[in-house]
Each structure stands twice: as structure tokens, then as C-alpha cells.
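Got chain A sorted already, so can you dock chain B onto it with the hints?
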Amino acid sequence: MTPEEQTAGGAPMIQLFRVCKDFGPFRHALWEVSFTVERGEFVFLTGPSGAGKSTLLKLLFREELPTSGQIVVNGRNIGVLPDGQVPYFRRTLGVVFQDFKLIGRKTIYENLAFVQSVLGLSRAEQKRRAYQALKRVGLHHRMNSLPSELSGGEQQRTAIALAIVNEPVLLLADEPTGNLDPVLSEEIMKLFSEINIRGTTVFVATHDVDLIRRMGHRVVTLEKGKLRERDMVRETLAQEAPFLPG
Amino acid sequence: MNSRYLFGEAWAIAKSGPRHTAIAVALIALAFYVPGLFALLSRNLGRLAGSAREPAAAILTLDASADAHSVADRVAQDPRVAKVTIVGSAAALERFRRAYPDLGSAIADLGEAPFPPTIEVSLKPSAPSRAAREIAVAARSWPGVDSAESEEEFAKKFRDGVRLLRGAGLFLGGLLTVAAILSVSSAVRLALDLHRDEIAIMRRMGATETAIRAPFWLHAFFEGLAGGAVALALLYATYRGAAYLLSRDPHPVLSLFWVGFLDLPTALALPAVGAVAGFLGSLLSLSKSARA
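For the record, the sequence lines run as chains A and B. Reminder that position 202 of the first sequence reads as 402 in this note's numbering, one-by-one numbering, no gaps. Reminder that position 167 of the second sequence reads as 165 in this note's numbering, one-by-one numbering, no gaps.
One chain only, chain A, in its complex shape:
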């Protein structure tokens, strides 16, 4: 299924309703956070270190569960998603983290083929998807290289290829340019824009304000676990929501 087909539904891609996340009784990572990301949007999540950006992404990826509130991603209330359904939910997403993980002993192509073989795809399909993903990030000519033979920027592009190889409807990225210089950072962001143009919703957490300004996409800002006042006004309509099944 292509992203265009997967995004055929009209509901927003991400909906957060008064989401709170506590780590212990005195540490509120997120407090009453509500906002919506429409399908096909490119949205930046920003805020200072410790604002709760990574926690929010982990919630969207169902790596953590909210303490209260509801999170609906691609029409599924992931707070009530049974554990056994989580892997299938994750197959509709792509994730890029700052600490991009690649398997050092496998070539770039093998890295991409490996994750697909886990999902049970045929070898022909693995090859087709891996080649397409690498072509989209401009690394198809280096598919037989080991990660250690690539530069930092190339490794991050490979991580992005890994994230998009399953043709996700939503791409989540947590500080994807954190370790890169400004030129490479912009290159990576352009790549995200290209992915977004093809129909994938992109949600990027970053504290690089200059980069956000240059890209000119919608911004959601977190401060000490709360949505910033200005963003809250925009998100008022998303405050109340009916309960949705997983």
C-alpha cells in the first residue's frame, strides 16, 4: 500500500487530547498537551532541552504510554492498543532518532533488507523497496558499503532510508540533525520535505530554531512539558475528544 493509499482516510494523522505523562509522582514530563497534525502535514516540534519532545515522540511511537489523556495516530487510539498489535501499528510508521542505529556488520542494502525480512517480505520485494528507499535518499550507489565506510550525513540518510523503506504514512524524527553540521542538516531537512511532498506526514522534533525558520513549516512548541500559550490557542478545538477504540 502506498502512503497515498494509506492516507485516504480523512481523519487527522495525529490527535493528542490532554495528554499527561508522569515519571514518578513529582516529575511531570508532559502536562495537558493537546494538538492535531493533519494528514500530509510537515510539523516541527520544538522546545528547549528537557521540554518533553522525546517523551512526546515515544508516546506517538507507543514506546511509552500516557499517564492520562488520549493519543490517536492514523485513526487508532494507541493508548488502548493491545501489546500484540503494537508491532503492526509500528509498521505504518517510520522513525529516525538522533542515535541512529545501523547494524555495523551488514552493508547498507543488507540493513534495509534485514528489517524487511523480519516482516516476512519476499526477497524480490525487499530488493525493490531497499533500492527505492536508498535512491530516495541518494545512496543507491553505496548500497554495498558498510555503515563504517559512510560519513555521518550518509549514515543519517541511511537511517532515513531505513525509516521510509516500509513506505510509512507517518515519519517521526527526534533530533535527526543533532550531530550534523548546518549544511548536512539542511540537506536532511530537504530530504524530509521530499518525503512529505510524496504524501507522508512528517513530524520532526528539533531544537534547531534557525533550521525551523528556514524550512517554514508549522511549529508546535513545548515548554516544561506544556504546549506554549501561542500554540494552545491554535489547538483549542482539539481539547475535547470522544473515546476511540485501539
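Derived from the structure by calculation, the hints contain no laboratory data. Mixed in with the good hints, there may be bad ones.
[To be verified] Okay, derived cross-link-like pairs now, BS3-like style, lysine-lysine, Cα gap no bigger than 25 Å in a straight line:
#1 A/K258 x A/K327
#2 A/K390 x A/K258
#3 B/K13 x A/K306
#4 B/K13 x A/K301
#5 A/K327 x A/K306
#6 A/K327 x A/K301
Same frame as chain A, now just chain B:
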């Protein structure tokens, strides 16, 4: 999840920590070699014990020219005797052949009958314990009787000894199997640590827990299978080595009973139990560590 992924990853896990894989296989092999050795000993000794399943209380060895029936009639007159059995030379040879098929053919090549005729005396349950000895002592002076021995006590001790050996083998086997399971468990835990990044990637990409764990299960299964097979090979080498040494330098007792390797089901049980132990070890490890 396809078989190529499953076997490919299981092999990759083995290759990623070859030293630990080798140590785990060696530990499993040792864990199964020791009880296997007990099984081998008790099997061979058990054949001796088995041949005396209904032990005679006393055995009278006759001269070749003796009238076996008249000696038998004389013994049977004793009110403490329940049964008297005449075992001729041919019957004794046949018994030996059944118990020791490897040696029976060699004995058949001899020109004369290797076993003298004997009379086996069984006592009534009400007979006192000293009766066997008294009958044997009395029979020694009868014409045609070469020697007479009371056997019951020895046979009982022998069977008890074999039983003890089997029990010790089972106990040690159980203990060492637990040790094997724990060693596989720690080897799998180490492999999990070495493959942490891959597991993280797999989880992010939506791999199910079964897909993540299955290569580790398979790896441990084969580790156990290999350990069991190595134990079997070592046991066979031990058996052949001992057989070779005994053929070069025969021992009056050892040469008699060291004649057979483990039967097929017991031999196959070693790698099979090894594989199960490996699998259990991986289950133990994965239930604790896979989500870490």
C-alpha cells in the same frame, strides 16, 4: 518472518560470539557426557544383573562326566529347595551368546564347550537365609560336583550396585542438565547484548516479539543439539578406546562386561535432550532479558 531470516540470524548469532558459543557447546557436552558415561556403565553392568534376574540361591558346577539328573534329584530332596534347573554346556553357551553377542561368536570358534554343566538351585521363600550356604557346603562333597557356591547375596549386592549407579547417573544428569540450561541461558543473554542494536531496530520497524526471539531460540536449540552430539561422540570414543585397551590387555572382570555401547534410543536421547535444554535455556534468558 521467513526461514531464510530465521536460520540466517541464528547463524549470525552463533558467529557473533564464537568463543561463547564454543564454551556453551562444551559445557553442554560435558553436562551430558558424565551422565552418559553412567548410562554406559550401568547398561553394561545391567546386562550382568539382568542375566541373574531370577537369581539362583546356589550354583553347583559339575564334572563333565557327572550324571546331572542324579545330582539334581539329590538336591531336590532337601525340603527347603523350591526348584532345581539343569543348565547344560550348550544351554550355558546360548545364554552367554544372548547376553554378549559380541563375544559369543568368538567363543563358538573354540573346539570344546567352554562352559561346564551346572545345577541352579532356587529356595522356597520360607527358607532361612543360611540355607543356600548350607546346601552349597554339603554339595561340595557329592560325587560329580566340581564346586558349589551360594550366589544369592552376591547377586543382590550386584543388582543394588547397578541400581545405585543408575540413580547416581540420573541425579548427576539432572544436576548437569540444569547447569547446561543455565550456561545456554547466559550465552543467549550475552548474544542478546551483542545484538542490542539489531533488536532495537527490529522493534522500531514493527517486528513481533516472536520474530525477534525466534533466531535466539533456534540458535540455543542447535547449541544444545551440538552439545548433545559432541557428548555422544565423546562417549563413543571413550567406549571404543576402552574396548581397544581391554582387547590389548584383557581384564578378568572389565573385559566381560564392557561389550556394548548405548542402545539407539538412549544414544539419540543425548542430542535430543541437549536440544531441549538449549531451548529451555533460551526461554529462560529471553523471558528475563529480551525486553531490556
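Given the proposed pairing of B/K13 with A/K306, does the C-alpha separation stay at or below 25 Å?
holds, 13 Å
Restraint status (C-alpha distance of A/K327 to A/K301 at most 25 Å)
Between A/K327 and A/K301 the Cα gap is close to 21 Å, so the pair holds against 25 Å.
Below or equal to 25 Å on CA atoms is what counts here, so check A/K258 against A/K327.
Measuring from Cα to Cα gives roughly 30 Å; hence the hint is violated.
Quick one, are A/K390 and A/K258 close enough, alpha carbons at most 25 Å?
holds, 24 Å
Would the pair A/K327 and A/K306 pass a check requiring their Cα atoms to be no farther apart than 25 Å?
Holds, at roughly 15 Å.
Sort out whether A/K301 lies within 25 Å of B/K13, counting only the CA atoms.
Holds. B/K13 to A/K301 sits at ~21 Å (cutoff 25 Å).
Violated hint for the displayed structure: number 1, the only one.
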